[in-house]
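Protein chains in written order, with the working numbering: chain A, 1 to 638; chain B, 1 to 674.
Quick caveat, the hints were computed from the structure, so don't treat them as lab data.
Note that beta-carbon positions come from the ideal geometry of N, C-alpha and C, so glycine has one too.
Be aware that one or more of the hints could be misleading.
[What the hints assert, rightly or not] In the EDC-like style, the derived pairs of lysine to aspartate or glutamate whose C-alpha atoms are separated by at most 20 Å in a straight line are:
no., chain 1, residue 1, chain 2, residue 2
1, B, Lys147, A, Asp177
2, B, Lys147, A, Glu129
3, B, Lys147, A, Glu50
4, A, Lys564, A, Glu591
[As the list claims (entries may be wrong)] Going by beta-carbon spacing under 10 Å, a handful of chain A positions derived as facing chain B:
no., residue
5, Asp53
6, Thr111
7, Asp116
8, Glu146
9, Arg236
10, Trp320
[What the hints assert, rightly or not] If you anchor each label on the Cβ, the simulated ranges turn out as follows:
no., chain 1, residue 1, chain 2, residue 2, range
11, A, Gly526, B, Pro449, 38 to 48 Å
12, B, Asp573, A, Glu129, 38 to 48 Å
13, A, Thr105, B, Ser526, 46 to 56 Å
14, B, Arg252, A, Ser115, 43 to 53 Å
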Amino acid sequence: MSAPRATYGALLLLTVLALAGTAAAEPVSYDGAHDIGALLAAADAAFEVEQSDEVLLLDRASETWTADGRRISSVHRIVLVRTHPAINHHADLRVAFDAEHQSLTVHTLRTWRLSDRRWISGGPTARVETLPFALERAVDYTNMREMMLLRDGVELPCVLETAYTIEDTVPYRHGLDGLWTFAREAPCVQARFSLATPIGSEPVIVASPRVPAAVVEVDPATGLETHSFVMGPLDRLPEPPTAERVAQVPHVAWSTWASWQALGSAWVERFDRAAVADEVLLARLTERLEGAHTGAERARRVAALVADTTRAVDYDDSWWPEPRPAARTFATGYGHRLDRTVLAGALFRAAGMGVTPIFVGQGFGGVDEGVPSVARLGRLALEVSGTEFDGHFDAESGSFAKGNGLLCGRAVWRPGTGDPPRVETCVVASHLKLYLALEFRPEPGLWQGTGVLKATDGLCPFGRMAGLEDEAVQLLGEVAGGLLEGAKVTGWNPEVFQGNTVVVGFALEIPVGERDALGRLRLELGDPTTVLGDPLGHGLEPSRPTRTSAVHLLDALDIGVELKLVHGDLEVVYLPAASAVKNTAGAMTVEVERGEGEVTLKRSLRLDRAHFAAEEWPDLRALLLADRHENARLVLFR
Amino acid sequence: MSGLGSRHVLALVLTAGLGALAMAQGPEVQLPPGDSPPPTAADRVAAAGESDDYPDYGHVVVLDRAVNHVDEKGVSRVESEVLYKTLTEEGCRALSVLQWGYEPQSSAVEVEDVTVIRDGKTIPVPVEAVLDLPAAQDMIYWGNRTKLLQMPRLEVGDGIDVRSTRRGYSYALLDQTQSDDERFIPPMPGEYFDIVLFSGPVPILEKRYELRLPAAKQLHSQVYNGALYASTSFTEDENVYAWWAFDLEAERHEERQAEASDRVTKVVLATVESWEAKSRWFFSVNDGQFGSSPEIDRKVVDILAAAGVADGDDAAKAEALVHWVAQNIRYSGQTMGKGEGFTLHPGTMIFEQRSGVCKDIAGMLVTMMRAAGIATNPAMTMAGSRIEEVPADQFNHCVVAREAGDEWVMYDPTWVPFNNDIWSKLETEQHYLVGSAEGEPLRRIAYSPPMESPLRIRHQATLGVDGSLEGTIRFEGRGAMDSRLRRIVASTPIREIDERLGTMLASMCERVEVQSVRHRAADDFSGDMWIEVAYRAPQLALAVDGGLELHPPMMAVLLSDGLLFRAGATKWDEERTSDVFLYYTQLLDVEETIRLPAGRAATVVPASDEVDETYAYFKGQAEAAAGRLIIRTRAEVRRRQIPPEGYAGLRKAVEEARSWGRAVIRVEGEGGEG
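Next comes chain A alone, as it looks inside the complex (with noise of 0.2 Å):
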């Protein structure tokens, strides 16, 4: 890029160089433990200044565990800002705490302001209590507050100093467990985490590699041990955003938990506990379950109770501990994933159907080092079984889906089982195989034919397609549309139906469309995926030239399509071209027939594994670029 950010790089240059003139005598942190000119000098021989909106030139946080039992957060952040991107980031925060647990104190709200060499402070009107938009109509949980802290004074470039304490006023937690990752998605020169515990109490402490040992501390005074961690230069979070990159980089994982067994019975103590249907909730239950004749049928019905019965509050429920009894989440028409869950749980035993709690991995892969920790078990969500069938219950949507290929590939933990979270493997790899065989019909001017669709594992759609009603028939349309638009499902039939593994048949039809101006009509092929997740979509990003996170799949996957086409009369126009691209990811290839009056075309796309390293996605992005090429997709007739 040229120019048009050089008047920043000036700035910057002024900035270094007015508070390297002043850096032993100002400016220093509120504490005065820091000296800012040498972090911004330290900036500037890290890292390339002039290409980054922000660099964090601190950014600490301590967590203190108390001995009776509350917890005591502390963050302190001071930012060289130096767009206008990083100003909507930095300026204004906004803090979360429990109003009615604990207590908020800010010690610092200010900027440095390079353009009057100034500190400029906060006001009394700069701290401002608001309730959580997400929970404006919670009462239950409206004792969350979000305290705005507003920022004065703000002039490019400038450096945002930020510090403030969050503490329990009262002990209300049964343990407390975390992770901290030293890399932000800004460039930081130094990171600084410390853990405190009560001398003796034995936390549990995993260190990532190249993370440098703690300094241990004992401070007989206060009781607690400190374990303390500094690093940097650090380099932002790979890009894009992942939810597996935590694994990427530096990190401490920690927990006062002695064991994923302490951890989860508490928990399954908590959940059974709330987990009861009253009378109400079991008179709604009887009505909701009258007419249904089997067990998924049940189970669909009961989830269908809680999302009909209750909105889904979208707020991290890991502010609340304790989960609120099933009657009062059903009474109150609202709760948050846990609470709907719970909800959940006690109607699907009542209904006489097994329940089992799961935590699931955020991404892909596994999140277990060792540590009894929630902090990378991000979704909550029940394992349902009866006499005819095993499924899972999603408490952010409310539904029930039979089979488990909603798990494929990513770490699961049963709290109360003693074991630690493994990764749900898949079989072997997991397959999509689309056949369709679709002959042309010039009145009324349709492909109609017949289709197969083979998949196991992680592509599977069992869950989806279960059910009494038209499950099936939707999803087969949904996964021939995403090939080929337009196509319906007339009829289908099953010749192998389970939780791993479909095997269908169908009838189906597409209309051929208009011809384009050269008289021509075209046929372009889509994704059958796109509507399992879309396993090989945006979220790959495949226009993207590099990467820095690694790629996680839910599987090793296969899928492939043959599409025969008996076009009688129609001369064909275009074709896809037989083609192989192979590498280290994977395969993808097209190979075509022709036979008299009709031509097959088999595309396939291979990846080899899982797990792909950043560096490895130049040859991903080549299968996947060459799956999606238009030259691969396209047919047309005359």
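Model the placement of chain B on the given structure of chain A, informed by the hints.
Using the frame of chain A, we list chain B on its own:
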């Protein structure tokens, strides 16, 4: 819908106000045959219909009735009753918590009575359980509050009858130490205004609004966007005005809609004499806020010197100052206590804080322009909506007016960050009112034709024999399109700018490789914005039947990016009932010159139909030239707000643009071979 006719009869039996309900509670009277007693809330709920009558809604408002008592000082006390009926579980969820918002320094709300009506019986809900909490806030942090009431578990078919009283004003802040009623006195003491919309997110079966004014007060009022029943009466002390309607449909959501106040039936009313009086008031309450300080004076000198206009005329100085304020006073509003909401914060305060809402940002500019010796006043406008003739306070935005002889030149520092205009082209045709000692009439910003907001794209490229396309695309924007292009740069982190442009071009070809990106600095206002991208798109053209085929390359980009072509990138429904509101007009002028491989020529050079409608225009044309292919595309969006009767024309132009995006251009060897 069942039962509506009978509901009408029931409703019409009621004359005005809450008195009728009181009558219903008196001794039983023998009614003549055919007459019905006034309906109770339970009667209304029973007659309100079921979910089959309103298949798209979880609940309905059975009755929304408000009686507004305004006293001599202009203090308002609104007694209201809202009666809901749940139709589905969704409705029960939606009404599980009731909410009332208020601004504690200018208004108060009391929840008087809440009952659930189930199977004809009433179940009282204890209003002592109402919680009074800080409200959720974003961008504007004035300490607003919210009251919440958890309802008992609702059942389908329940009625919920809610009675509350609201006192005060929508935005007056007077000293907290004053007596309770005094803090509710509106900013123009003794004057009252209101804008009452007769619509909502769910159907309303009956809505009544009654205004009781002291007999000495006069009222302007008018009904817009439809018809209402109305009555006027008086007592010895009061004039009583009422408006009501039945069976109001819910607001219907459509893409790119105008604000509700432009669409739904409403009453606009005001006691203030005229716009001129409003102008004088606005001037008088704010004129003390613009005092400068030595720091501000020095900054003004520095800004003018840096822009090279220290000796320039007022227009040049004002332009330098509006850009400085727009770039340096960010939108984030803290409260200043007394006067908040209608008084501009002092310039000295905002200069220190470097943040505020529109009125504070405008106040900063007035302060600086006056410090530079430029005659400047604050002004009010309604961003994104129409202002009706009734001089009610229909403003949502504050701006700046520079006196230039007999005219005012308008500046909007809030809407021109990263915008080369002094007044955003997204605010044309807007009404505004300048505050002045003499009093000003309501004025309107002129219409801005598409040529004032052009996006010119010049695409120079070379087509390789393998179908690869390599070249440079230069985007140039002026007016609204200048701001759109600047936004692309200004909102993108530095390191992501190549990727941002790559993503934009990926809709043309996913394999695109961005080789370089150049652009004017987003905060360089010395000229119109431009962005230039050099790229390579491997195998963009497809080898078909001995030739190469491609579509007009830029159309894929334009039709998928709302910043570049808002009308084209919007998914439009077939039918339209409300105005389309696009904020700005636009001219799209694209010329793509593609050099062809030696010995090749464009043999299929399509042209689109020319669509020339009242509100929109489109034409695409490919042309074969010596060794080159030239593709010209022109589109115009001719009004920022398009009525439903103009929708078909707009859609026709957009559909033609989409069709043009799919047009096939074919390149072959001179002899017809590839």
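A quick look at each hint next to the structure:
no.: 1; hint: B:Lys147 x A:Asp177; result: violated, 35 Å
no.: 2; hint: B:Lys147 x A:Glu129; result: holds, 15 Å
no.: 3; hint: B:Lys147 x A:Glu50; result: violated, 48 Å
no.: 4; hint: A:Lys564 x A:Glu591; result: holds, 12 Å
no.: 5; hint: Asp53; result: holds, 5 Å
no.: 6; hint: Thr111; result: holds, 8 Å
no.: 7; hint: Asp116; result: holds, 8 Å
no.: 8; hint: Glu146; result: holds, 8 Å
no.: 9; hint: Arg236; result: holds, 9 Å
no.: 10; hint: Trp320; result: violated, 16 Å
no.: 11; hint: A:Gly526 x B:Pro449: 38 to 48 Å; result: holds, 41 Å
no.: 12; hint: B:Asp573 x A:Glu129: 38 to 48 Å; result: holds, 42 Å
no.: 13; hint: A:Thr105 x B:Ser526: 46 to 56 Å; result: holds, 47 Å
no.: 14; hint: B:Arg252 x A:Ser115: 43 to 53 Å; result: holds, 51 Å
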